[in-house]
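> Per the working numbering, residue 1 is the first one in the sequence shown, and the count goes up by one each step.
Since the hints were derived computationally from the structure, they do not count as laboratory data. Every residue gets a Cβ at the ideal spot worked out from N, C-alpha and C, and that includes glycine. Incorrect hints may appear among the rest.
Said to hold, decoys possible - Restricting the straight-line Cα-Cα distance to at most 30 Å, the calculated cross-link-like pairs of lysine-lysine (DSS-like) are:
#1 404 - 243
#2 327 - 404
#3 53 - 251
#4 327 - 304
#5 151 - 243
#6 404 - 304
#7 375 - 243
#8 368 - 385
#9 304 - 243
#10 385 - 404
#11 345 - 369
#12 327 - 243
#13 404 - 375
#14 369 - 304
#15 251 - 87
#16 251 - 375
#17 87 - 53
#18 345 - 251
#19 243 - 369
#20 404 - 345
#21 53 - 151
#22 375 - 385
#23 304 - 385
#24 385 - 369
#25 151 - 304
#26 87 - 151
#27 375 - 345
#28 369 - 327
#29 368 - 304
#30 243 - 368
Unchecked claim - Listed next, with one range per pair, are the computed distances between beta-carbon atoms:
#31 264 - 150: 30 to 36 Å
#32 200 - 317: 47 to 53 Å
#33 368 - 189: 36 to 42 Å
#34 308 - 139: 44 to 50 Å
#35 150 - 374: 42 to 48 Å
#36 279 - 308: 40 to 46 Å
#37 13 - 101: 53 to 59 Å
#38 180 - 139: 19 to 25 Å
#39 399 - 124: 24 to 30 Å
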Amino acid sequence: MDMRLTKLKIRLFFLLLVIALFITITGGCWDRNEPENRGFVVAAGIDYHEDQKLYEMVVQVADPEALGGGQNGNGSQGPPATIFSAKGHTPFQAARDLTLHTTREPFFSHSELLVISESVARQGLGPVIDFFYRERQTRLITMPIILEEGKSITEFLRTDIPLEQFSAEGLVRQVELSAFERAVFPSRTLSEALIASSLPGREIMIGKAILGEQTEEDMLGEEKEAIRSTVHLEGGAAFSGDKMRGWFDQKQVRGWFWIQGILERGMVIIMCPAHDIHPMGIEIYEVNSTMEPVVTDEGEYRVKLFIQACGRIQDQLCPSGYIWDDKMARSLNQRLAAVVRNEVKDSLERAQELGTDVFGFGNLFYRKKFQEWEKVEDRWEEIFKTLPVDIEIEARVRRAGLIKEPWR
């Protein structure tokens, strides 16, 4: 009996060994695609040609030698990335037809930037969002921006950004700096934009890219394959549904930041209270906002908006020091509050003019006064255009830096 059990164990051992060897020898992916056969897309753009009724997909593909490093930090004498484009009746067809112009299959999982033309934005982002949301390779943490009408996405992606290997990397960092340091660009990922657009009573705003005029002197390289940077990121595009309604300038965008209470850092110039002729630079370092929906007994819809802003003096041309003088300090706070109020009002007026609730006031009623929201949901855009907003600003300049008095 023990002999039979031992033989059975030996047979089982050899069977498992054969299975293990078989798995090891035949391992692999049935549909594998080697990295060297792929073209890594670092930025993508989408345009629409109304005369042809075709979408155009533009991609910036990294040079494989540039990724490995080498001469001049780029691994080759040419540009670190190449631009390809293709057209199709749908964004997916345009993306697939890129293979007709390159020897490597475009791979979108490394793309950080999505440049959308104004014509696509005004026609509707639906087909573009559908492709990027449905496609398995694309990433929803991609940063979308809207390029103003009449500018070429190809030339935009060919722009040389100083200190950066790829223009896509530089543009993404520029977006983050414009949002964090100046609050003049509504930075958000594709995923964040989709989430915001899915909320009842809330519309989205996507940042605006401006490509300045370029001359022959701006063309770089022996074959003029790159363009000196003339890119500015400021302002935003306001949407209603998936269609763009119009532009916000940089001050109106900052007003949007004030209202949302998401301003991380910003700079405000006010006139010195002592003489009213010398400018002062105030850096904002803390902002909070609260919004309260109100429905009066007469059935009027209103919003109460309260904003707190704290700043510090970063420079002053005024010869008088007054941060510790109560009268002057109060005047300083009032002047800062006036600047905040003006920017908030400017942003509100622009949004109401366009009829797009990018602040989410409708969503405020949806969350806090749902029964009242149900009564006006179908005509909220009409109500929003004349919605009264009671604004209260509390602004304080708390610090004067490392010196109390101006240097003389």
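> Against this structure, judge whether each hint is valid.
Hints and how they fare:
1. 404 - 243: It is violated: about 51 Å lies between the C-alpha atoms, which goes past 30 Å.
2. 327 - 404: Given pair residue 327, residue 404 holds - Cα atoms ~16 Å apart, limit 30 Å.
3. 53 - 251: violated, 36 Å
4. 327 - 304: holds, 29 Å
5. 151 - 243: holds, 19 Å
6. 404 - 304: Violated: residue 404 and residue 304 sit about 37 Å apart, past 30 Å.
7. 375 - 243: Roughly 25 Å separates the two Cα atoms, so the pair holds.
8. 368 - 385: holds, 21 Å
9. 304 - 243: holds, 29 Å
10. 385 - 404: violated, 46 Å
11. 345 - 369: Answer holds: residue 345 to residue 369 is near 24 Å, not above 30 Å.
12. 327 - 243: Distance of about 50 Å is beyond 30 Å: violated.
13. 404 - 375: Outside the cut-off at roughly 56 Å; violated.
14. 369 - 304: holds, 14 Å
15. 251 - 87: Given pair residue 251, residue 87 is violated - Cα atoms ~37 Å apart, limit 30 Å.
16. 251 - 375: Given that 30 Å is the threshold and the Cα spacing comes to 34 Å, the pair is violated.
17. 87 - 53: holds, 10 Å
18. 345 - 251: Holds, at roughly 10 Å.
19. 243 - 369: Roughly 28 Å separates the two Cα atoms, so the pair holds.
20. 404 - 345: violated, 33 Å
21. 53 - 151: Between residue 53 and residue 151 the Cα gap is close to 18 Å, so the pair holds against 30 Å.
22. 375 - 385: Since the Cα atoms of residue 375 and residue 385 sit roughly 17 Å apart, the hinted pair holds (cutoff 30 Å).
23. 304 - 385: holds, 16 Å
24. 385 - 369: holds, 19 Å
25. 151 - 304: violated, 41 Å
26. 87 - 151: holds, 17 Å
27. 375 - 345: Within the cut-off at roughly 27 Å; holds.
28. 369 - 327: violated, 42 Å
29. 368 - 304: At roughly 13 Å apart (the allowed maximum being 30 Å), residue 304 and residue 368 satisfy the hint.
30. 243 - 368: holds, 27 Å
31. 264 - 150: 30 to 36 Å: Check passed, 32 Å falls within 30 to 36 Å.
32. 200 - 317: 47 to 53 Å: Roughly 49 Å apart at Cβ, these two residues keep to the hinted range, so it holds.
33. 368 - 189: 36 to 42 Å: violated, 27 Å
34. 308 - 139: 44 to 50 Å: violated, 36 Å
35. 150 - 374: 42 to 48 Å: Since residue 150 and residue 374 have Cβ atoms about 43 Å apart, the given range 42 to 48 Å holds.
36. 279 - 308: 40 to 46 Å: With Cβ atoms ~24 Å apart, the hint is violated.
37. 13 - 101: 53 to 59 Å: holds, 56 Å
38. 180 - 139: 19 to 25 Å: holds, 21 Å
39. 399 - 124: 24 to 30 Å: violated, 47 Å
Of the numbered hints given earlier, the model fails hints 1, 3, 6, 10, 12, 13, 15, 16, 20, 25, 28, 33, 34, 36 and 39; all others are met.
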